[in-house]
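4 protein chains.
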Amino acid sequence: MDLNPDPKTSLRRLELPAKRAERFLSIRQVTSALAAPLSTEDCAIQSMPDASPVKWHLAHTTWFFETFVLVPHQPGYRPLEPSYRVLFNSYYYAVGDRHPRPERGMLSRPGLEQVRAYRDHVDQAMLEFLSGERALPAVDALIELGLHHEQQHQELILTDIKHLLSRNPLKPAYQEQWPLTAIHACARRWISCAAGLREIGYSGPDFCFDNETPRHRVWLDAFRIASHPVTHGDFMEFIDDGGYRRPELWLSAGWEAAMARGWQAPAYWESRDGRWYSFTLHGEAPVDPHTPICHVSFYEADAFARWANARLPTESEWEVAARSSPLAGNFLESSALHPLALREASANGTPAQAFGDVWEWTRSDYGPYPGFQCTSGAVGEYNGKFMSGQYVLRGGSCATPCSHIRASYRNFFPPDARWQFSGLRLARDGE
Amino acid sequence: MDLNPDPKTSLRRLELPAKRAERFLSIRQVTSALAAPLSTEDCAIQSMPDASPVKWHLAHTTWFFETFVLVPHQPGYRPLEPSYRVLFNSYYYAVGDRHPRPERGMLSRPGLEQVRAYRDHVDQAMLEFLSGERALPAVDALIELGLHHEQQHQELILTDIKHLLSRNPLKPAYQEQWPLTAIHACARRWISCAAGLREIGYSGPDFCFDNETPRHRVWLDAFRIASHPVTHGDFMEFIDDGGYRRPELWLSAGWEAAMARGWQAPAYWESRDGRWYSFTLHGEAPVDPHTPICHVSFYEADAFARWANARLPTESEWEVAARSSPLAGNFLESSALHPLALREASANGTPAQAFGDVWEWTRSDYGPYPGFQCTSGAVGEYNGKFMSGQYVLRGGSCATPCSHIRASYRNFFPPDARWQFSGLRLARDGE
Amino acid sequence: MDLNPDPKTSLRRLELPAKRAERFLSIRQVTSALAAPLSTEDCAIQSMPDASPVKWHLAHTTWFFETFVLVPHQPGYRPLEPSYRVLFNSYYYAVGDRHPRPERGMLSRPGLEQVRAYRDHVDQAMLEFLSGERALPAVDALIELGLHHEQQHQELILTDIKHLLSRNPLKPAYQEQWPLTAIHACARRWISCAAGLREIGYSGPDFCFDNETPRHRVWLDAFRIASHPVTHGDFMEFIDDGGYRRPELWLSAGWEAAMARGWQAPAYWESRDGRWYSFTLHGEAPVDPHTPICHVSFYEADAFARWANARLPTESEWEVAARSSPLAGNFLESSALHPLALREASANGTPAQAFGDVWEWTRSDYGPYPGFQCTSGAVGEYNGKFMSGQYVLRGGSCATPCSHIRASYRNFFPPDARWQFSGLRLARDGE
Amino acid sequence: MDLNPDPKTSLRRLELPAKRAERFLSIRQVTSALAAPLSTEDCAIQSMPDASPVKWHLAHTTWFFETFVLVPHQPGYRPLEPSYRVLFNSYYYAVGDRHPRPERGMLSRPGLEQVRAYRDHVDQAMLEFLSGERALPAVDALIELGLHHEQQHQELILTDIKHLLSRNPLKPAYQEQWPLTAIHACARRWISCAAGLREIGYSGPDFCFDNETPRHRVWLDAFRIASHPVTHGDFMEFIDDGGYRRPELWLSAGWEAAMARGWQAPAYWESRDGRWYSFTLHGEAPVDPHTPICHVSFYEADAFARWANARLPTESEWEVAARSSPLAGNFLESSALHPLALREASANGTPAQAFGDVWEWTRSDYGPYPGFQCTSGAVGEYNGKFMSGQYVLRGGSCATPCSHIRASYRNFFPPDARWQFSGLRLARDGE
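As given, the protein sequences belong to chains R, C, H and L, one line each in that order. Heads up, the first sequence is in this note's numbering, so the first residue is 1 and it goes up one at a time. Heads up, the second sequence is in this note's numbering, so the first residue is 1001 and it goes up one at a time. Heads up, the third sequence is in this note's numbering, so the first residue is 2001 and it goes up one at a time. Heads up, the fourth sequence is in this note's numbering, so the first residue is 3001 and it goes up one at a time.
Hint data in this document are derived by calculation from the structure and do not stem from the laboratory. Quantities reported herein were computed from a predicted structural model and do not represent experimental measurements. Cβ coordinates follow ideal geometry from the N, Cα and C atoms, glycine included.
Restraint ranges, calculated between C-beta atoms of paired labels, are given here:
#	chain 1	residue 1	chain 2	residue 2	range
1	C	Glu1284	H	Tyr2091	25 to 31 angstroms
2	R	Asp429	H	Arg2261	46 to 52 angstroms
3	H	Asp2120	C	Gln1177	30 to 36 angstroms
4	C	Arg1245	H	Arg2261	39 to 45 angstroms
A few chain H residues that don't get close to chain C, going by computed Cβ distances all over 10 angstroms:
#	residue
5	Ala2033
6	Arg2116
7	Ala2138
8	Gln2175
9	Asp2206
10	Asp2288
11	Trp2307
12	Ser2346
13	Pro2368
14	Glu2381
Just chain R, same shape as in the assembly (with noise of 0.2 angstroms):
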């Protein structure tokens, strides 16, 4: 699997169309070679309702690009098979009907190959699209939306297929080289910030969610952050002193969330002859500990920080952070497909691993910004309707690509949510 970015196909705002079909095809590209290793079972199965097979991103993903693209916008355009609209609609009601979510693993057919040949139809048709003159600003937009939408899905082939692969008592590997990290000391430090109206979201130029938007003025007190995410180590010792056991450290329903489902410890991990192992896309191995630790739950989060004597960051207080800092890590293109060892910041005084290697937990819910307005049409559906009930994270993980996040990107997951890439990062209030 080679998954380096290409330096070209970097987002410029005024590309030429050969620029632009570079572009697109080079990230349908990655999410074709992310399924490359994986067997037609693999792609087919899906292994709880949060989860989805494959096969089904493979197509949800070219589905888009038909859908808000090519039947509104190319004449002439013909449907590759129009059942496709609803089998693969995921939750836009103004597209009408959709194949219920948890049945999505129910459908052996469409197959694989004949997922593949609608995935080249529709790249062929919008390679054709983007050569034409007659694209306008909006269509632009979707199409870079559907780019986007496409890099999210890269993410969740790769949560999802972890999850699958890890209810195998055979515990098969996605991938067999394991990456080989030097380990430095590092020591946390604290990093101050000045209580100030600050802004937070995005107003520039290029391209975002709506849910980023407007930009607005928030006021922040002082506080403090960790110069590094927290670490296995750290969380071991969080289950050693009995962090599992002891109410007083945990949300109310976190607590019952832990009860109900015997949580122990972190998602994939297992206890062997009194050590831990974790499941992870090489295989099954044993927990490091200078590794920011992922595949935890808000709450476990949120009562890890309290035990620590300290609290998750809101999601201004992250990002008036973490906005300094280069937007490099751990991402996608490295191929590690796990959080690295602790590794020292590039700029002085900024947070270190900020972006990469896990999404960090903040206590904000997902909610919208003040004077938010959903994207008009259906797309307006893609993030508004689901401000509620969730949290945010932020900074992306080993498996977002590089391309994809922003310092104002807020990604959101229920409070329960374990098998995305998912850590945290401790905060403290005053100076």
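Since the structure of chain R is already known, use the hints to place chains C, H and L on it.
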């Protein structure tokens, strides 16, 4: 039932022992008065896991004083019955074992008479304690907390018994007489609030819950808030316009809840011969269009606001707008036990009926204020551990004791809860 | 509580009106006597969907006479309260709507006093009816059915209140005094029964349920049946031998039920300090090894039998073996309300304690006898429609009224039911 | 697909090694042929907990020979992959751990190709074993059991894949060509059977399952049985007459199942424009009134019989009536894979279509015959432990291999199962 508030019982910071005892008894007696119209069986049954038997409320509020005041601070105090320590613990892990919440309705023993004897026993001991000299400020604070806790359960007694009675096909009334109100024309207006850096939260000398602190700065963009709450009549228009059949109006989680539970109207509504009826504490009655809507979930409130081309206010906006309104309204003491028709505000340019009638959903999730610290000790479990997955409601309802409410008061419930007197008031961006 | 059966009230086919009234009242009064030790709350609460509130039993047995006797056959009879027709209908579709079974515990109204008044109202009308001349044989049969129905609910009152009280951590006793029994050595023996064509089922002149008819021929191979029921002591051996941990002893569905519900012992058992205690109608007590085992499901009875290298008898075998035993034993009237220690049979070569003490599970599913016809009309729903998914129990228990039982009597419960006084007796193939 | 049975492969008790090997391979090849039309994904997915992936059936039938024949009896045999011992164990506790049934669909690995290699590996070893001298009678019996086991899974492959394909909105066909049958007028008659002492069960020299033994005496009262099974046309009359809306026709548990699952028609039926369609292995087709009804549960069969003023036969009645019919019919080998229209019986006075077309529900619960003993060892778990909560079906279906069925054959399923080719034949009391 005589719930008229005694003018002498309003809170004073420096009370004489006699005053303190009088106030203590006065609030305790309201609880007993609320249970007086009920039969022994009415008081014993739990109608859903969210609700508790009235008998349990009578005992648990008593347990609070016994556990947090008498046992630790009154030398020589002997609990009436040691087993009550577990039976009537609601959710305090620090106090030890708890009888599970959904099992509260399984306790036929102790019977209502024994629970009344328990109340008398503890009241007697509290009066002795209050007449003594030894009270410390910390204990005073616990007693004050206990009294506000008792008032919260007064409201729950009413909402829980309403739910139980509603499940009986005989549709019995809690209270026969029906409040009469004159209905005046009452135009709804938008009240403008300018942008600026504001402060919210409580910082005065009187009692408040820990979740209202610390008072802190927030930046508010300009907004408008409605002069009156949304009415039953407004909501019927929403229903007639297909409000419960149009997913585009709803949050995704709200739509799923509405589908899964078959919501077609607010809780307690029933349609017969093309007309809406609702179950009230006075029995079943035609829905009155002139009164504030109640028994809607956060999801329904949010969908209504979207339909009305508006939104819910944030809790900061609500507090800033409403705190200039006088703290008066249709509270528990009016004995109406139902929202009353729209009335003009007593002060010009302030929101009308912000206090009393119905709790108003805000769009703010219930989280910690910047710098929030839980109260230490077991009573620290009072509020902080519930700070996830719930939304803030403001202003009190027709079932709230008048002396219990403040502009900074934060009530909170999950977004699908409907059995409280919960309604809404609209807001919009900009001036 | 005085439940001694009046010797004058045994069933006579040709009763004088005065006798009929006396017998009617006598049975009705037993029901009231059973409820007498209970508090109002004890009578109101439903502890699980399978059980009903005592208040409901009091009302439903009354409803039976009102609905099937008074309304159709007593001119001028006025129901006390028309809504009771729906509220207290158990499962008769032909009678119209029914209040759902799991909701019976939601009815705080009518209260216990009103239900007692309902009983008095119907008893009064029935006495008038019984003193009249106009009774037809068909109506006599309905009254007889109603009285046997009432006796079935007498047993259920005891088993249902036992379940409710057991869920209370205070472990209250229904009846304080504990039955004393002398314990004699009592050797268990096998009783042989030769092969042959036999007849089972009822065909005499007295009352029986429709499910006991028609009397019909069955071929029985030679078998042996135990002289005594299995005891608590026997069952402790089974437990000590890993009975609840060895799937090979269990039916597949039984093992799944045991795993899913965490069965480690019969219902109501609790282990403390290496000793077994069980909850009884006299409160909690150490398990007495000399008494017949009770509160085991069909699955546990079947597993025990397999462990003992035996099997459950079929219902034909049981009836053929037990019908020569005298119809005497530890019934409701003894007020023991718990199985008593093993005793010798009164007649030589007959099974001991076949009647009373505990219901005995058979391996026969509850199905229609060859040629079975339901009673016509609404009372035809009494038995026939339950003929799937249940197993037959024979012989009555310590909670069964003595005049209620017969050798041909077929009780039936689902294979996982444990809250009845259900035990077992072993059988083996061959002579 | 060529499923024609090889005339040389019928069972002989004293087979030469070459014959035995030929017969072994012949049956194994039918299994592979049944999977041949399916895609890799079709073979991987589990559509409900009751059904298994085709891939699992292919592996589990192979596991049976490996576990019970090769490992214990073939010195030097090396399992292809030790982990399969757990992965493909269905329910044999004596063999050790099992992969949980509802998780069978989670196994993307081993893939279909690996499972085919597993089949080849075991077939090769079995052929060597069969060509050897050392086979003992006990091992012969295990091989015979393994072949009948394989045939049972052949039927399940068809019913399970039918269920999976039916859940796909594209409604794909398993096999395109549709069986044509001439439809002749065919009057249904009652066939009378006199009362008497009969014998049922198997006692011959050939293979049978343990649950068909011992042959034993039963008394049968006189009865009549229908000359033909109930047809789709008959069932449409039942539906038109409100069969699914009249609780008085149903067993209580059946009515609850019908309500809870919203049954309005047999499984796989769909109504469009006032006409019934059903999903078949040939895709969707209009319901053909001339063919035996299938995909009804025991509850529906029982309700239909009551509506028709008849009843289901007992399994004894069925066996006595049908055993004089020739063992011929519409079996798997006809490749119709669907019941065919009514035909006259080949022998006078015998039931027509008793064998093949559809399994026929009886009113007999699936229990042990008098004197029944499980086979000893792990294969004793084959039948005995399922003897509760299920009903007996007789006669085989269009998905049953012809050489698999006998008059004494007892199939069994829970009363709510509908995904088998299950229908019914009526019976009545008396001559």
